[in-house]
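Peer 1: Spelled out from the first residue to the last, the chains are:
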Amino acid sequence: MSAPTYDLGKLHGGLRLQSHKAVSTAQPIREVPVPSQLILPIEQHVGQPAQPVVGVGERVLKGQLIAEPDGELGAPVHASSSGTIVAIERWPVSRRNGDKAPCIVIECDGKDEALQTTPVEDYTSRTPAELLLRILDGGIVGLGGAVFPTAQKLMQARTCDTEFLILNGVECEPYISCDDVLMRERAPEILSGAQVLMHALQVETCFVVVESDKPEAIARLGEVLAELNDKRIVLKLVPTIYPSGGEDQLVQLVTNREVPSGGLPTDVGCIVQNVGTAAAVHDWILRNEPLISRVTTITGDGVASPVNIRARIGTPIEEVIQFAGGYTDKVRHLIIGGPMTGKSVTTDEVPLVKASNCVLAVSARPFAGNELPCIRCGDCAAVCPVQLLPQQLHWYSCADDEVKLREFGLTDCIECGCCDLVCPSHIPLTADFRTAKGRIREMADEKARAERARQRFEARNQRLVQEQEERDAELARQKESAKSAGPAAIAEILKRKQQAQEDDST
Amino acid sequence: MRFERSEAPYWSAETNVASLMLQVLAALVPAAIAHVWFFGPGFVFNLLVAGIFAIAGEAFMMWVRGRPPETALADYSALVTAALLAFALPSLTPWWVTATGALFGVVVAKHLYGGLGFNIFNPAMAGYVVILVTFPKHLNLWVAPSMGDIDYQHLTIIQTLVFTLTGNLPDALTFDAVSRATPLDVMKTGLNNMATATEIRANPVIGDFGGRGWEWIGNFLAIGGFWLLIKKAIRWQIPVGVGVGLLGPATIMVLIDPGTSPGPGFHLFAGASIICAFFIATDPVSAATSNRGRFIYGLGIGFLIWCIRRWGSYADGVAFAVLIMNMAVPAIDYLTRPRIVGHSSEESRDG
Chain U
1 MSAPTYDLGK LHGGLRLQSH KAVSTAQPIR EVPVPSQLIL PIEQHVGQPA
51 QPVVGVGERV LKGQLIAEPD GELGAPVHAS SSGTIVAIER WPVSRRNGDK
101 APCIVIECDG KDEALQTTPV EDYTSRTPAE LLLRILDGGI VGLGGAVFPT
151 AQKLMQARTC DTEFLILNGV ECEPYISCDD VLMRERAPEI LSGAQVLMHA
201 LQVETCFVVV ESDKPEAIAR LGEVLAELND KRIVLKLVPT IYPSGGEDQL
251 VQLVTNREVP SGGLPTDVGC IVQNVGTAAA VHDWILRNEP LISRVTTITG
301 DGVASPVNIR ARIGTPIEEV IQFAGGYTDK VRHLIIGGPM TGKSVTTDEV
351 PLVKASNCVL AVSARPFAGN ELPCIRCGDC AAVCPVQLLP QQLHWYSCAD
401 DEVKLREFGL TDCIECGCCD LVCPSHIPLT ADFRTAKGRI REMADEKARA
451 ERARQRFEAR NQRLVQEQEE RDAELARQKE SAKSAGPAAI AEILKRKQQA
501 QEDDST
Chain G
1 MRFERSEAPY WSAETNVASL MLQVLAALVP AAIAHVWFFG PGFVFNLLVA
51 GIFAIAGEAF MMWVRGRPPE TALADYSALV TAALLAFALP SLTPWWVTAT
101 GALFGVVVAK HLYGGLGFNI FNPAMAGYVV ILVTFPKHLN LWVAPSMGDI
151 DYQHLTIIQT LVFTLTGNLP DALTFDAVSR ATPLDVMKTG LNNMATATEI
201 RANPVIGDFG GRGWEWIGNF LAIGGFWLLI KKAIRWQIPV GVGVGLLGPA
251 TIMVLIDPGT SPGPGFHLFA GASIICAFFI ATDPVSAATS NRGRFIYGLG
301 IGFLIWCIRR WGSYADGVAF AVLIMNMAVP AIDYLTRPRI VGHSSEESRD
351 G
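Keeping their order, the protein sequence lines are chains U and G.
Per our numbering, the first sequence runs over residues 1 to 506.
Per our numbering, the second sequence runs over residues 1 to 351.
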């Protein structure tokens, strides 16, 4: 067994947060039964929404492709169970905070009949390129919450000098424990997925990185690694500090390399994949099971019995909550994702999607709305993992000073929320920065639009000038040819003109 | 089921501004007791006058600015200003002098710049400097510490109160009888009169290091300061910066020219060095904001204190040093931005 080794890099700032994880890890992952209706948003990844390839009334089987990828960053969507398509309509979704977006609705028949699949091939006999295309077909996206299409991420890494595959089992955000229980229960699948990924990437080193507060997961991974005896895979522990599981932060911790501003981990020879994604790759490549279910933590003081569940993608959150014993009286907010970066939704009609690593039902938050002016104490700067000065960014975002905001690194902000948690004035810094980023993007779009309009206007002017010149030239040519044609031709032209006038007047 | 929408992160800090300010006030309590012990009950009256006027000024300005006065009063920052001002004043100070300082600090230096968080200058020091230049006579009247062997006429509580309210001493007493030059004054006058530092140290107001009585107050201020450090209400950069800036040149000069240079111990324990390092310079609003910037800010204050004490015409230079460095804060902040992770160091410097 490869001994756990400690990190080399060091993260600036960060927070030691109360984990609140034990409540949901007490029992094993429980399977949520297939619901009567599945709601599958066609946009469950960062790129262009997928295009539906099924029609209303059509019967689909479990694992059947129902929407195909569109655009460079596309990912397909598969039916999570068998049934009939009853609607393709707009439905509340979590990525829009409970506002509506196009979804494919399946009325399940309860048979859970799977698609007849081709026999599993030995992936090692395939070329990396073939394997990558195969992964694309599985609808696999980053399951840590960012939902970047996995195949495209791997393809990008193939074009770079990638040395290390980093499997992210850090799960630093409080309350969330789905990766922890997954590592405890499905360590062999995760590591097998890592081997598939290594073959696809043609890299020789894989770090499996786990936070030190998950002893059971570490022990289990250690055991499986010992059985596997694959020297290329190394287990690494990192200290329990939020946000060490952020992609760039993890690269910094594990390799002591900084991902350049605006760049990708591949710029420093790394690619990061969530452990859940690795397991999904295993399920697809070795079992022909596309991404149609995921493990999710249902927790918070707003649910009766917190638990980790495996549910089909598309299961309404309402039903998942019922499975965890329903709400308590305290519940005020429903958050999809963790308490630091999750999305607050207005309704529990939203379905569980590929991004949903956690469903957090919580009571009212203390201090909300009691904002005081910034006293520049600098606690925010002390905890910022990117070493920004949030107190200065706050100042410039109040002043709407775009130049200064850029200069002080607003675009480098990872929105981890650490600054909010130490602010004695209770200023919603992260939310303000998100808004300011949006404004900067808008302004950039506005500029681009104005530039396009200017170009169009200039092109039109140029075209008009050119047309005028062409007309003038044509006229001159005609005059010239008329002259050279002699009096007979002129008489002919005049006669024709007269004829035309008479025609007009009659 | 419907839910209220909210914005990530869904947790808030457990600390708040009010508790920070209360910690600062609590850290001043031991030194306040020592102050009363050595210099009489005048401190309490000054604190009351400063407190009342600071709070009244804050409430009035909030009302004028059309904001709820109670939010400003609930953060206790006006009380911290009042307490720091009270520590800067001689125990015999007429109320109108104290009131002028407190009102100037809160109304002009704080609220006319936008209130808490927006003031460029440290309100307590701005108020102090205004009364220092408008009422110089009153601010030099330090009573001698009540230590057995110092020839000193004590005022009773009533007599002190009468002085605070009227500015009049009991008929039988003169200012000369109740007041003594401060240790820093003694040192400055002595050096101007060509006495050596060693000779001056023989004066009974000067103790083991700095001034007698003052040393003890300094000790209690330092205890309070270390408590704030442990509580993380303040960070080490500013106190250490002030210490290095003040004691560094003092140490060098005492090695080069011991005859005319008081040593680092004297500089530390005479005057307001310790309260400056832990309580005044650490006011976050008017200080530099990055860690490196804070060290430089403290260093500047310490060095300026030393310069003013050595060459200036004022005996102590804490208030001036702090205000001057307040002015330098925007430049310090701009030049000491930390390198953002993922940027090269040149990139960050040029922006």
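Be a bit skeptical, because a hint or two may be false.
[Said to hold, decoys possible] BS3-like, lysine-lysine: derived pairs with alpha carbons at most 27 Å apart: (1) U:LYS10 / G:LYS137; (2) U:LYS483 / U:LYS497; (3) U:LYS330 / U:LYS10; (4) U:LYS495 / U:LYS479; (5) G:LYS231 / U:LYS479; (6) U:LYS404 / U:LYS437.
Keep in mind the hints are simulated off the structure, nothing from the lab.
Given the structure is predicted, the values throughout are model-derived calculations rather than measurements.
Peer 1: For this structure, which hints from the list above don't hold up?
Peer 2: Result: hints 1, 3 and 5 break, sorted rising.
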